[in-house]
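*Asks:* Each chain is listed here by its residues.
2 protein chains.
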Amino acid sequence: MTLAPWRSPLARALHRNRSLAASRYPQLATVKPDGRPANRTIVFRGFWSQTNHLQFITDQRSQKVEQLQHSAWGELCWYFGKTREQFRLAGKLSLITAAQPDPSLASARTALWQNLSDSARQQFAWPNPGGNWLEKPAFTPDLPDAQIPLPNFCLLLLEPTQVDHLELRGEPQNRWLYQQQTNGEWSLKSINP
Amino acid sequence: MTLAPWRSPLARALHRNRSLAASRYPQLATVKPDGRPANRTIVFRGFWSQTNHLQFITDQRSQKVEQLQHSAWGELCWYFGKTREQFRLAGKLSLITAAQPDPSLASARTALWQNLSDSARQQFAWPNPGGNWLEKPAFTPDLPDAQIPLPNFCLLLLEPTQVDHLELRGEPQNRWLYQQQTNGEWSLKSINP
Chain E
1 MTLAPWRSPL ARALHRNRSL AASRYPQLAT VKPDGRPANR TIVFRGFWSQ
51 TNHLQFITDQ RSQKVEQLQH SAWGELCWYF GKTREQFRLA GKLSLITAAQ
101 PDPSLASART ALWQNLSDSA RQQFAWPNPG GNWLEKPAFT PDLPDAQIPL
151 PNFCLLLLEP TQVDHLELRG EPQNRWLYQQ QTNGEWSLKS INP
Chain W
1 MTLAPWRSPL ARALHRNRSL AASRYPQLAT VKPDGRPANR TIVFRGFWSQ
51 TNHLQFITDQ RSQKVEQLQH SAWGELCWYF GKTREQFRLA GKLSLITAAQ
101 PDPSLASART ALWQNLSDSA RQQFAWPNPG GNWLEKPAFT PDLPDAQIPL
151 PNFCLLLLEP TQVDHLELRG EPQNRWLYQQ QTNGEWSLKS INP
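Protein chains in written order, with this note's numbering: chain E, 1 to 193; chain W, 1 to 193.
Derived by calculation from the structure, the hints in this document are not laboratory data. Some clues are possibly wrong.
With a straight-line Cα cutoff of 30 Å, these simulated BS3-like cross-link-like pairs (lysine-lysine) come out [said to hold, decoys possible]:
| no. | chain 1 | residue 1 | chain 2 | residue 2 |
| --- | --- | --- | --- | --- |
| 1 | W | K82 | W | K92 |
| 2 | E | K82 | E | K189 |
| 3 | W | K136 | E | K136 |
| 4 | W | K136 | W | K64 |
| 5 | W | K189 | W | K82 |
| 6 | E | K136 | W | K64 |
| 7 | E | K82 | E | K92 |
| 8 | E | K189 | E | K92 |
| 9 | E | K32 | W | K136 |
| 10 | E | K136 | E | K92 |
| 11 | E | K189 | E | K136 |
| 12 | W | K32 | E | K64 |
| 13 | W | K189 | E | K92 |
| 14 | E | K189 | W | K92 |
| 15 | E | K136 | W | K189 |
| 16 | W | K136 | E | K64 |
| 17 | E | K189 | W | K189 |
| 18 | W | K32 | E | K189 |
| 19 | W | K92 | W | K136 |
| 20 | E | K136 | W | K32 |
| 21 | W | K32 | E | K32 |
| 22 | W | K64 | W | K32 |
| 23 | E | K64 | W | K64 |
| 24 | W | K136 | E | K189 |
| 25 | E | K136 | E | K82 |
| 26 | W | K92 | W | K32 |
| 27 | E | K92 | W | K136 |
| 28 | W | K189 | W | K92 |
| 29 | E | K92 | E | K64 |
| 30 | W | K92 | E | K64 |
| 31 | W | K92 | E | K136 |
| 32 | E | K32 | W | K189 |
| 33 | W | K189 | E | K82 |
| 34 | W | K82 | E | K189 |
All values reported here derive from a predicted model rather than from experimental measurement.
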């Protein structure tokens, strides 16, 4: 596969904003079963293999998993403070659980688990997220196996079909819209900011 | 009215992260007429008068205005990079247009217009946002009147009914959920991160 045309400006933004840790923490919007929006910060974990799918991780017990069963659509809003530009990536979300039959997706999930720190892995052994507060000892479980993911550990993939890139720095501002066509090709046009 | 209990931790976060310009640029999620989420960065313009309603500005021609007619619910995700904490504020959005009959809301809209810079005001005289790109001269209109808002200038209010505050720095992380009851009072509980 070929890199989508928005990959190059996104890679440039990631590079030029690399001094800001938050530049790897975009915000992901989904829709709740009641039709209202949800929005949370999420850590970008790179692209899946040779695809244009963005990788994130999530706990199968988290609310966003329930939301995805209702609606698989997401929009990621990514603001880069140093270069003052924004990417909005809209597309379908896929949850890769422990039951994933596809071997390449299953191994992508395992690879992300193995790359986590001990403390990040330990969070997947914490009590039910969003549940009523439990006392501190519940948050110091034994360290999970570093090789084999806990069953509730999931890979979350976002496959963008539209990317809206806004540069606030231009005179006037610059804004581009990338849209994937039904044949998989990407179109690109300049739009008004 | 009294300040909602989440106002104090939010004010503290704003103060402690004031060196980061992006700490005043949270992300607002809404739902499109087709049921998919939308998400964009937006500038926080303070609270409206003595209320707990957050102020933003928007162009009546923007897509979010169409989305609000379909669903008035929004969720604001606010990540503070220096203190590593997140607020998620869910609630109803209200659009205050030039046709607003309530005098106090109408004057809040006018006050925000008067506080903008010339260049920010000029953007409301730009061509239709999201429309096909027009040449540069279209983006250098005459400066609008500094006192009387252009008709497409809107105040956008978010009235939170639930606020989820997560501190990543704790050991373990700390997370609180504020919920407004039907009598208007706020409840607060600690929940699992």
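*Asks:* Can you give the numbers of the hints that this structure goes against, from lowest to highest?
*Replies:* 3, 6, 9, 10, 11, 13, 14, 16, 17, 19, 20, 25, 27, 31, 33, 34
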